[in-house]
Each structure stands twice: as C-alpha cells, then as structure tokens.
Amino acid sequence: MNRFDYICPTTVAEAVAGAAETGSAYLAAGTNLVDLMKIGVARPQRLIDVTKLPGLDAIEWSPDGSVRVGAMVRNADLAYDLRFAENFPAVAEALLSGASAQLRNAATVGGNLMQRTRCAYFQDTASACNRRAPGSGCDALEGDNRLHAVIGWSEHCIATHPSDFCVPLAALDAVVEVEGPQGRRDIPFESFHRLPGDTPEIETNLAPGELILGVRFPAEAARFKAHSRYLKLRERTSYAFAVVSAAAALDLQEGSIRHARLAVGAVAAKPWRIREAEEGLIGGEPTTEAFAKAAEIALAGASPSGDNAFKIELARRIIVRALALAAEGTPRAMPALPGSPFSSASGVSHVA
Amino acid sequence: MTLSISLTINGQPKTIALDDPRVTLLDLLRERLYLTGTKKGCDRGQCGACTVLVDGRRMNSCLSLAVSLNGTEVTTIEGLAEGDDLHPVQAAFIECDGFQCGYCTPGQIMSAVGLISEGHAGDDPERVRELMSGNLCRCGAYQGITEAVLEAQRTLKEQKERDAA
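Going line by line, the protein sequences match chains D and W. Mapping of the first sequence onto my numbering: position 14 corresponds to residue 806, and the numbering continues sequentially without gaps. Mapping of the second sequence onto my numbering: position 145 corresponds to residue 206, and the numbering continues sequentially without gaps.
Just chain W, same shape as in the assembly:
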C-alpha cells in the first residue's frame, strides 16, 4: 500500500510517497529527506532529542507516524537560521554555553523555540526548567540551557518591540 502525503518542511512544500505507514516523522526526516539535524535518542518519547515543530507546536517526532501528519507544516533545526544569521535561540545557546557534546542540542533548541512561542514561562527559571523537562541532557548543561532560553526570550521580545515601533 503506497500512501501519498503532503508536508511543508522548513517552508518547502513536498509530496512524499510512503511505501509503509510505519515510518515515523523522525525516520522520514533523517532517513528519507536526509535532514539529519533532528536526532534519534531513545526513539520512545522519553529524551526529547527528536523534538521538531509541527504546525508551530513542539512535538516528539519519534512518536508521530508521518502518514498521520498529512497536511502539516514541519520545522526542524535546519529551518531556523536565515542563511548565516542564526536564530536568536541558536545564538543564545552558544552565548550561554547551553551544551557540551551537542547531541541533544537540536531538540533542546526546537523545544526552546516552542516554549517561547507558548509564552507560559515568563522570566521564571523554575518555569523554564519545568517546561524544558522533556529534553534530557546527559552532559548536564541544564544551567546554560535555562539561561539560554531566558536570554533568547528577552532578545525575541526586544526584536518584536523594535519591529512594532
């Protein structure tokens, strides 16, 4: 059974023929579209390394069957920067030392982008930690990650205020 689905991935509309409905969004991105920035950690929704945005919401791509996401817009880590200009969240992770080995980082960054657009953390580090708890970091860079999320949130807020002015 071949299933045809339409996805917009990092702004580009794509029609994808799936020969098997078992393909998760994560495996579709990595193995078939060669977008290997999204990482496979546990593959069971426990570590957050595979986090991407689906219609602007952060989700675990390892637990989503690609076929079920027909018609959605997916944003991965490859879709954040504009050319050589890093997304403010990417820049803040470098600035605040929000990683060591880097394996969980794409998931952390996509989760942080989702967290900031959800807008429930305010400037409270406790809320940031709680709302980032679905992203594990075996190197233990949590202090830098929390600071990076808060820093990026400030930058994005300033940008928005500048743009509005």
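Just chain D, with the same shape it has in the complex:
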C-alpha cells in the first residue's frame, strides 16, 4: 500500500474543500477501497474519511412517502430497517444477497455506488487495463472473460458493474444527492454510472471532488411493494458476485399490469434498466409469454464480448423468472437465501 495522508473532517464543506487537492479520495468503510489499495490498484495520496460527517447516517421519510437514505447508512441497517424493507422489498433482498454479513455491517450506501469492477485484469496490476491505466489496452478481450459484459461494452473495456444494490435502484428511479465545489445537485440514478465507450476510466458522472450525500427513493417506487423481487444467479450459493441478476417490480391491478420496472445486473458496466421492456408489459396480463417478450426486448442489443454468449440466454431466463416471482408476490418473510434461485425449504438441513 502506498503512503497517504489521512484527514477526518467533521463537516461536508470541509470534506469537499479537502477533496480539491489532487490525488484525494473519499474513504467510507473501506471494504472496497482499502482492498484496492492493498493490491496497488488504488493509490490515493490523501484519504478523506467521511464516516464522521454529521447527518449522513439517517433514513428519513417525508410525509409524501419518499425516503432519503444517507450515504453512510450501512447496508445491513438499511436492509433490516422494517419500514424501508416493507416499502422497497427488492432493494432489501438485493442488499442481503450481496457480500457477507460482516461486509454488510460495514459497507455503506455511498460506497456501494462507488465500488469498482471485479474484473480480474482490472485488479491485476501486471495486466493491461484501460480502466485502471488508460491507453494500456484490455487483457480481458482475449482472456478469461466468461463473466464479462454482454451489453454496452466497447473494445476498450468489457468489465461489468458488480453491485446488487444498484440494480433495483436503477429500476426504481432513485436519485443520488451529491455535493461538490459547485454546490449541491441531484443525479438521476440511471445516469450516475457510465458505459465505457473510449473512456472506461471515467466510471461515473460525478464531477471531481463531488461527494455522495444520500440516495432518495420517490414515493411512487413504493407502489411495487406487493410484487417486487431481486433474483441473482451466482456460481456458489452464497457470498459471490452475480453471474446475472435482475430486479423486477410490478404494479398489478385487477389482473393486469399497470406499471412495471425491470433492471438487469452483471451484464454491463452499469446497472441496466430496460424501459422498452417495461413499456411492453404495461396494460397486459402477467403471463409467461408477456415476460418472455419483455426479455427478448431487454436483450435485443446484447452481444458476447468473449466466451460469454451463455450470459445472454441466462439473462433472458433470469428476467422471465424474476418477473414471474414478482407476479407471484413479495414473500411475507425474507427468503432464507435472499435472491437465490436455489433456496431450499426453510428448516431443512441440506447436509443430511
């Protein structure tokens, strides 16, 4: 790990002013950043610890039913907040399907949005990676790329965004509140992360020095609470990043779909919201045929970036299944294995 200076400001203004210095990085729980510093991928000259900033660790409801989640709220605290989980069950399920209990106790909402790709070539400083070292090339293109992107990738970068939490955020029209040298502004969640294009090193639309203060959920996002799921296929049952995941949410009225939301994870460099597929579902009945059609629309532009054509068919099936699960209804209790397609019946020991 490189040497760095450490400061621990007590106001947002002080933090933002501190970030003006070149080479500065904000530090929250550090579950991703400290790891990347240990392996030499991140080399900040100065860490600005934002965990002691006041007012960023609350879940605040407005009378209209919208909610603001502070950037320093820990993943576990948000997932187990009863009112939040009742109103936004797919978000709670996504949070609980990610990482481990220890990491969820530490990792923050703001940090989750800022986490970096888990592409092995990005993490290996001996490999070429345009995201880590612009202009150096992309060793993933000819490498072990079965888990890489199938949507929105470019010849410069085929990495995926690893977050579970961000997938339902994209589906539910969340808004990111940020503060920077130019003051405060809102960024719609869908335009927070960027596709690689020819500048994969620019991962978000944050301006230099901008700090995430919180994420807002509009009141309308709660209309899906009775029919919301997050489904995540992993290469082992728990504690793994998604191969493909989907957040599906339906607003059903008298047997027909009044509103629909759909986003797919682990297929692109950003959580992939699919509005065309949502629009196709509106007004129809929640049938397997309708869901299959939505999945076709969702993946119309997909193409393999390597040995990963299977992810397109897998995403199709995960979408259909997530929509079908959403139509069945949000489970009364959080499943024993949140987000998992392989949850066995509760109370049964699978090691007989």
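Keep in mind that the hints were calculated from the coordinates and are not lab data. Hints are not guaranteed to be accurate.
Each computed BS3-like pair below joins lysine-lysine, with the alpha-carbon atoms no more than 27 Å apart [claimed, not checked]:
(1) W:Lys221 with D:Lys844
(2) D:Lys830 with D:Lys844
(3) D:Lys1017 with D:Lys1085
(4) W:Lys101 with W:Lys75
(5) D:Lys830 with W:Lys101
Chain W: place on chain D using the hints.
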C-alpha cells in the same frame, strides 16, 4: 504524521499512537497489541478469519483502517471468556465439533456471536449457513459450525430467560 486514537479493546480503554495511517485494525491487534487470537487469512475480506466485533457488530478487521475506528469498542476472541468460563459460543464449538485445524475458529466464533445478537436467523439452519457464509473453513467443518451456532443461540436464550425470571 503521528495520529492518536482511542479504542476500548476487550473492555480496556487504550490510547494508541499510530505512526502510519495504513495500519489496519487486524495488524494493530496482532502486531502492536499482541492479541494474536484474531487471525489473518486472506487479508482481503474474503475469508472471515479476521472477524471481530466493532461496537458490537461483526466486521472484517483486515479491511478497516484502525485510524478510522477512533472512539469505538472492539471485542476480540480474547475478550469472550470470563476467566476459565468459556463463552457459550466457545463451549458450543467444542461440544459440536465445530472445527478441525482451528485457524478459522476465532473468526467463526466472533461471527457467530455477531449473528446471534443480530437475531435474524431464528432456529433455521439454512439461515445460519447463509449468515455465516462470510467465514470460510478449509477443513469443511460447516456441519458442526452450524450446529454450534444453533446450540449456542439456545443456551444464550435460556440464560437470558433465567436472568429475566
């Protein structure tokens, strides 16, 4: 740059001078305070061997910069037993054969203590396994670990009911 931090470690308040902000909580515990019960496995948050409680919550000490934890209370495996009386989770790991080589065990036990106080598993072994998935055991003692967590949870519940009565 020397940074001074205050930590309460296993009930004892300590003021610690750090000459370098790079020190993780794990390295502070092991290399500077000689509390070597907490183990370094992967040092990247993937194995759970370094799990300790920070303000009562289980966390990976390898991914936390010590300087960022100023003012917190840390509990390690050394802080669980009261004299010769093992903590119920420690006793249950022995009773249920919840380990073989023992290297991951301090992390497993601290994680189990955290899991039980979080209270989300009920008596469901599937939920226990899921909520212990951040602790790897290369010997594969998972069956015993799951039983130990459930057993310790029952013991702690009975203790609590006795104390309340």
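Cross-check of the supplied hints:
{"no.": "1", "hint": "W:Lys221 with D:Lys844", "in the structure": "violated (34 Å)"}
{"no.": "2", "hint": "D:Lys830 with D:Lys844", "in the structure": "holds (23 Å)"}
{"no.": "3", "hint": "D:Lys1017 with D:Lys1085", "in the structure": "holds (24 Å)"}
{"no.": "4", "hint": "W:Lys101 with W:Lys75", "in the structure": "holds (22 Å)"}
{"no.": "5", "hint": "D:Lys830 with W:Lys101", "in the structure": "holds (14 Å)"}
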